[in-house]
Structures are given as structure tokens and as C-alpha cells.
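Protein sequences, first through last, are from chains H and V. By my numbering, the letter at position 138 of the first sequence is numbered 138, and the numbering carries on one by one without gaps. The number in my numbering is simply the position in the second sequence, starting from 1, with 206 added.
A portion of the hints provided could be inaccurate.
Straight-line alpha carbon distances no greater than 27 Å define the calculated DSSO-like cross-link-like pairs of lysine-lysine that follow [to be verified]:
| hint | chain 1 | residue 1 | chain 2 | residue 2 |
| --- | --- | --- | --- | --- |
| 1 | V | K268 | H | K33 |
| 2 | V | K210 | H | K64 |
| 3 | H | K31 | V | K296 |
| 4 | H | K205 | H | K15 |
A few chain V residues that don't get close to chain H, going by computed Cβ distances all over 10 Å [said to hold, decoys possible]:
| hint | residue |
| --- | --- |
| 5 | A226 |
| 6 | F231 |
| 7 | E234 |
| 8 | D235 |
| 9 | E236 |
| 10 | T237 |
| 11 | K238 |
| 12 | D241 |
| 13 | R244 |
| 14 | K245 |
| 15 | A247 |
| 16 | K248 |
| 17 | R261 |
| 18 | Q265 |
| 19 | F266 |
| 20 | R301 |
Keep in mind that the hints were calculated from the coordinates and are not lab data. Even for Gly, the Cβ is constructed at its ideal location relative to N, Cα and C.
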Amino acid sequence: MARLNVNPTRMELKKLKARLSTAVRGHKLLKDKSDEMVRRFSAIIKENKRLRDDVEKQLSETLKQFSVARSVTPSYRAEAAFSMPSSAVRAECGTAGVMGVEVPEISLVNEKSAGGLPYAYSEMTGEADFSVGKAAALLPEMVRLAQVEKTVRMLANEIERNKRRVNALEYVMIPQLEETIKYIKSKLDENERAAVIRLMKVKSKT
Amino acid sequence: MTGKIAIIGDGDSITVFKAAGVAAFAAEDETKARDALRKAAKEYRIIFLTEELYRPLEQFIKRFDEQPYPVVLSIPSKNGSTGHGAELLKSAMERALGVDILFNN
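Sequences and hints are given; from them, build the entire structure.
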């Protein structure tokens, strides 16, 4: 491990010692943070898996059913029926902090009006109404999944970044500082010995 | 603060959500989806994207991972799930933990 390029003086030694103690403390803190993040992450990812399985199953079902329901009516009429937007669903979007990472926190507002249909009952078959209702009922869960999945992805990024920091401290910064401190210490000792010897020589000559 | 929800996908898969109150943008291929996504990202906070379109745009979507919003979610289209969601989950898990704790294979 390469040592830092510094002058072997007492001043530098003092500075380096302070830096080493900061690095060690920082390393410990970051490591703790990493551990806690991993713990939270494993809890969240389990929820994510459960939600995803659930949403995917229901959604595939709904879409398949809607495909069938839609095929009963001629496509131009179906297009016309669905061309009018119904009342837009709005979501309350905030942010929450998980271990210093800002993650989204979403909740649906005004869920009830989402059940209204944008077309007349005579235009489409009853099955289509049913799938629209199902899709609307599925929305809160999808939004929840969106939130959880984003959290997982952001946490994963942060954990990766944090791990890199911990490793840089542990395997580069700290060994480098230790080595430099050792070098300065030995250099100073040597100087001291040299001074003593010089004195002794000077004394013996007289 | 309130945000709007959008969905991008092929025609059949998104119509039903249009009726449920979600803004729907039709996109058949990668380029169109990219344009739609770029526009939607400015205005909408939650964007659902069908798996078929999400897959080629993965690199593009990664840029959203740095801020909380917009949230882009991959959903199965009318052709059913292709397991893409599980793949995304797996890659995030492997990056963060280095081991597989969910799928065990």
C-alpha cells in the first residue's frame, strides 16, 4: 500500500492521526448504516414480491377479460365509447425518508369517483363495465406497488453506493493512513537516534 | 402535493385504465414509447408502462431512479406476465445484497 506523500514532521504526524481517527469512526458509522439498510431492504423487498405477484395475477386476469369483453362490440364503437376520459384519479404524492434516502409515498385520493363509467351502459357490454370496475379497484394496489418498487430500487442504489464508500475507507484510506503514520514515526525515531549519536561522537572527541 | 397517473402501452391494454380515470397514451414501439415517456415524465408522477415497452427502455428509465418522482412501474400487458417484474426485483436484490433471498434458484 502506497503511503501518502508528506514530510515526516511532528505536525504531519498529528494531522494524520486526527484523520485516521475520523476515518475509523466514519467507517464504523457507515458500516452500521449499511447493515441497517440491508435489514430494511430485505423487509421491503419481501413485501414487494408479494404485492407484485398479486398485482400481476389480477391485472393479467382483468386485461384478458376486458379483451374478450371488448371484442364483442365493433372496434370503432368501442373506441368511441372509451374516447371520453372519465374523472381523473389523483394521487397524493409525498416523500418519506428511509435511512436518509428520500423515497416516494403515495396515496390515492378520491377513489370513489373512479368507479364512474365514461360511457353509456348501452354502448358496451356488461362484462366491460365489470372489468373497468375491477381495474379501478386494482389501482390503489398498483399505486402501492409502484411506491414500494421505487423504494426498493432507490434503496438498492444507496446500499451499493454505501458499500463502495465503506470499502474505500476500509481497504484504501485507513491502511494508507496507518502506513504513513508508521513511516513518519520511524523517520522521527531515526532522526532522534542520529542526534544522540552525533552528540556522543562530538563528546568523545573532546 | 397531488400528482396525476398515466399509463403507456399498446391500445388494448390501456383502454380499460382510461375508463378507470388514468391518462392513457398509446405507443406501439420503442421509439414512440420513449417519446411518450419523456413527455409524461414532466407532467405525471406515476407512470405505468407495459412490460414489452419497459424492457427496451430500461436504460432510459434508470435515470429516474435518482429522484423519488416520477415513479415508473412495469406492468403486464394483455398478453400476460412475462416475468419481467420478477427480473427487475431480482436484479435490485442482487445489487444490494449480493444474494438471492426470494427466489432461491
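27 Å limit on alpha-carbon distance, applied to hinted pair K31 of chain H and K296 of chain V: holds, 24 Å
Assertion that T237 of chain V lies outside the chain H interface [Cβ separation over 10 Å]: holds, 23 Å
Minimum Cβ-Cβ distance from A247 of chain V to chain H exceeds 10 Å: Its Cβ never comes within 10 Å of chain H, the nearest being 13 Å, so this holds.
Please work out if K210 of chain V and K64 of chain H have their alpha carbons no farther apart than 27 Å. holds, 26 Å
Distance rule for D235 of chain V, whose beta carbon must clear each one in chain H by more than 10 Å: holds, 20 Å
A cut-off of 10 Å on Cβ-Cβ distance, and R244 of chain V was said to be off the interface with chain H. Does that hold? holds, 18 Å
Over 10 Å from every CB of chain H: does E234 of chain V meet that, or does the non-interface label fail? Non-interface label stands for E234 of chain V: nearest chain H Cβ at 15 Å, farther than 10 Å.
Does the no-contact call for D241 of chain V survive, Cβ to all of chain H over 10 Å? Non-interface label stands for D241 of chain V: nearest chain H Cβ at 21 Å, farther than 10 Å.
Minimum C-beta separation from E236 of chain V to chain H exceeding 10 Å: can you confirm that? holds, 21 Å
In terms of Cβ atoms, is chain H entirely out of 10 Å range of K248 of chain V? Holds, since 15 Å exceeds 10 Å.
Verify that the Cβ of A226 of chain V lies farther than 10 Å from every Cβ atom of chain H, and report whether the claim holds or is violated. Answer for A226 of chain V: violated, closest chain H Cβ roughly 4 Å.
Going straight from one Cα to the other, do K205 of chain H and K15 of chain H come out at no more than 27 Å? violated, 40 Å
Hint violations for this structure: numbers 4, 5, 20, all remaining hints satisfied.
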